[in-house]
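First to last, the protein sequences are chains D and Z. My numbering numbers the first residue of the first sequence as 1 and each following residue consecutively. My numbering numbers the first residue of the second sequence as 322 and each following residue consecutively.
For the record, the hints were derived by calculation from the structure and aren't laboratory data. Glycine included, C-beta positions come from ideal geometry on N, C-alpha and C. You may find that some hints are simply not true.
27 angstroms max Cα-Cα, derived DSS-like pairs, lysine-lysine [stated by the list, open to error]: (1) D:K212 <-> D:K178; (2) D:K178 <-> D:K105; (3) D:K14 <-> D:K82; (4) D:K14 <-> Z:K566; (5) D:K123 <-> D:K105; (6) D:K82 <-> Z:K566; (7) Z:K615 <-> D:K69; (8) D:K212 <-> D:K222; (9) D:K82 <-> D:K105.
Reference listing, derived: stretches of chain D covered by chain Z, where coverage requires no fewer than 3 residues with Cβ under 8 angstroms from a Cβ of chain Z [to be verified]: (10) 60–74; (11) 78–88; (12) 234–241.
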Amino acid sequence: MIEATDLAKAYGGKTAVAGVSFTVRAGQVTGFLGPNGAGKSTTMRMIMGLDRPTSGSVTVNGLPYAQHKAPLHEVGALLDAKAVHTSRSAYNHLLAMAATHGIPKARVHEVIEMTGLEAVAKKKAGGFSLGMGQRLGIAAALLGDPQTLILDEPVNGLDPEGVLWVRNLVRYLANQGKTVFLSSHLMSEMAQTADHLIVIGRGRIIADAPVKDIIAGTRQAKTLVRTDDAQFLQSLLAGNGITVDQSEPETLTVTGLDPRQIAQVALDNSVLVYELTPKVSSLEDAYFDLTKDEVEYHSHLAGGPAGTQPQAAPAPATAGK
Amino acid sequence: MSTTIHNAPASRSAAGARHSLSFGGVLRSEWIKLFSLLSTRILLVLTFAAIIGVGVLTAFVRYNILDSMAANARAQGLEPSSDMLEQSMPPGSGLDLYNLPNAGLQIGILIFGALAVLFMASEYATGMIRSTMSAVPARTPAFAAKAIILAVVSYVITTVAGAVTFLLSVPMFQGLGLDLSWSTDGVVYSVFTGGLYVAGVALIGLSLGTLLRNSAGAITVLVGIFFVIPIAAGFASLIPGDFWKYVPQYIPSEAGGRFLAIGEIDAYIDPWQGGLLFLGYVLLFLVPAMIVLKNRDV
Numbered sequence: 001m002i003e004a005t006d007l008a009k010a011y012g013g014k015t016a017v018a019g020v021s022f023t024v025r026a027g028q029v030t031g032f033l034g035p036n037g038a039g040k041s042t043t044m045r046m047i048m049g050l051d052r053p054t055s056g057s058v059t060v061n062g063l064p065y066a067q068h069k070a071p072l073h074e075v076g077a078l079l080d081a082k083a084v085h086t087s088r089s090a091y092n093h094l095l096a097m098a099a100t101h102g103i104p105k106a107r108v109h110e111v112i113e114m115t116g117l118e119a120v121a122k123k124k125a126g127g128f129s130l131g132m133g134q135r136l137g138i139a140a141a142l143l144g145d146p147q148t149l150i151l152d153e154p155v156n157g158l159d160p161e162g163v164l165w166v167r168n169l170v171r172y173l174a175n176q177g178k179t180v181f182l183s184s185h186l187m188s189e190m191a192q193t194a195d196h197l198i199v200i201g202r203g204r205i206i207a208d209a210p211v212k213d214i215i216a217g218t219r220q221a222k223t224l225v226r227t228d229d230a231q232f233l234q235s236l237l238a239g240n241g242i243t244v245d246q247s248e249p250e251t252l253t254v255t256g257l258d259p260r261q262i263a264q265v266a267l268d269n270s271v272l273v274y275e276l277t278p279k280v281s282s283l284e285d286a287y288f289d290l291t292k293d294e295v296e297y298h299s300h301l302a303g304g305p306a307g308t309q310p311q312a313a314p315a316p317a318t319a320g321k
Numbered sequence: 322m323s324t325t326i327h328n329a330p331a332s333r334s335a336a337g338a339r340h341s342l343s344f345g346g347v348l349r350s351e352w353i354k355l356f357s358l359l360s361t362r363i364l365l366v367l368t369f370a371a372i373i374g375v376g377v378l379t380a381f382v383r384y385n386i387l388d389s390m391a392a393n394a395r396a397q398g399l400e401p402s403s404d405m406l407e408q409s410m411p412p413g414s415g416l417d418l419y420n421l422p423n424a425g426l427q428i429g430i431l432i433f434g435a436l437a438v439l440f441m442a443s444e445y446a447t448g449m450i451r452s453t454m455s456a457v458p459a460r461t462p463a464f465a466a467k468a469i470i471l472a473v474v475s476y477v478i479t480t481v482a483g484a485v486t487f488l489l490s491v492p493m494f495q496g497l498g499l500d501l502s503w504s505t506d507g508v509v510y511s512v513f514t515g516g517l518y519v520a521g522v523a524l525i526g527l528s529l530g531t532l533l534r535n536s537a538g539a540i541t542v543l544v545g546i547f548f549v550i551p552i553a554a555g556f557a558s559l560i561p562g563d564f565w566k567y568v569p570q571y572i573p574s575e576a577g578g579r580f581l582a583i584g585e586i587d588a589y590i591d592p593w594q595g596g597l598l599f600l601g602y603v604l605l606f607l608v609p610a611m612i613v614l615k616n617r618d619v
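With these hints in hand, go ahead and build the complete structure from the sequences.
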């Protein structure tokens, strides 16, 4: 269980995390989703006590991380795949980490086997590929068989097999009653891995809800309707929180009614409808909806100056998918 | 890779027992970190050899000076006694023979200082520091463990190398009729203080590596303190008047050097005062480094 209360961090004058409060519960996989620079890593570093919050506080399993008697048994973290001395072998790296808590060598061998690093365990970590580095980072996080697992972009650089392995691993750990907190900027990955989502943008929490609610809730179900008499049907349907947009002649987009209700209205009024298509929104749609104003680093398709762009300006690149 | 990933991911056999963070564990961890690097092991062996090599070479130079003095005396029809030779080497002249164990000390200062810088700065350069501070979130124990291991390793290697240097050099001087042995005043003292001095330099190196987080910068500052400031101080002592003549003895390298010597010299601090002053310099770097490490974002 991770509990953050008004957690904030500013570097110099720049706000990275602006007073966020959230709870990550045990027994489920909680995704931490947001665009690059949204404050995901900073928040995770503050949970691990590596960065000192400017204000607010965060506890893991009831205590600030640094106050635990056996930190590695409470929390295992993969914060940065390259948090390893490049000239030291993977085995010696894990051995040195384990020694701090008196964790036996047998456990070191166990996590090496679990992460599939046997073949390269005696090689220098500096020569590892990104995927190998991720596996070593995950091995280090698992050393103390911790109650809470914090993984920052764990599937970065992994091959499809590795991605599947991480997905199964976090599911398995969550089913064992552990707290799993996983960050990513890939919504498709989150849709398949997480039970609950915390969406962050520009250092603020935008959404904190079960994945299915975010998919269903952020954008109401829409239905595409094609009819001979768009004008008349629009006047019949609109109102009472139901919006009807006419995008082309004979085509309406209805928000707030399901296809059956629309068909009923059309039937009662003898309007011919020749297409009724429910538009299912994906997590990806929901994510773009949520973050469209919160993306800090917009791509400039027109070749404008690099850097931040006024918030009011539309973000052409974020809509492309 | 592919053979194991479908296995149950987290078996609990070896992880079942609960272990907790202890200072002994942190010490063992830092020990593993230091000696699991091939470069460190090679460096330590070469340093040991270099301290002895440079030491014996320096001893040979001194032997040649004494030998030519004895030859001069004989040319003037005098038979040089060992007393005469010893009196021709006043304390502080740099030709004392009791400090032969520390003849190769400068090389030890340079290498152990640089090694200490790297022990911390390389963790910042590689990102290892985040793993270290996640495992030891109180941070100070990790710094203390590094300090203890560096101090012990540099002390032991310097002391043993100093003793070997002395053993190898003694036969040359016995050939001149000088009675030089472990019981000569100051020899044992030199062996043990030489190690302490190098350990102190290593602690300053560790502190600089922590404060600056950058190997090149920290080693430059370290070399500045122990090799450039003495030269500058040498020039300063040429300024007319008594004041500047006695200022250089208070710089870190001179205070440390005075600690290694025996005997009193007019207008100079005593060896024990030099030792205390040097200890003060060590703390001057060590304490801020610990405070900064404790509070700074990793």
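Status of the hints after comparison with the structure:
| no. | hint | verdict |
| --- | --- | --- |
| 1 | D:K212 <-> D:K178 | 21 angstroms, holds |
| 2 | D:K178 <-> D:K105 | 24 angstroms, holds |
| 3 | D:K14 <-> D:K82 | 26 angstroms, holds |
| 4 | D:K14 <-> Z:K566 | 52 angstroms, violated |
| 5 | D:K123 <-> D:K105 | 18 angstroms, holds |
| 6 | D:K82 <-> Z:K566 | 52 angstroms, violated |
| 7 | Z:K615 <-> D:K69 | 18 angstroms, holds |
| 8 | D:K212 <-> D:K222 | 16 angstroms, holds |
| 9 | D:K82 <-> D:K105 | 23 angstroms, holds |
| 10 | 60–74 | holds (count 8) |
| 11 | 78–88 | holds (count 9) |
| 12 | 234–241 | violated (count 0) |
When held up to the earlier numbered hints, the structure conflicts with 4, 6 and 12 and fits the remainder.
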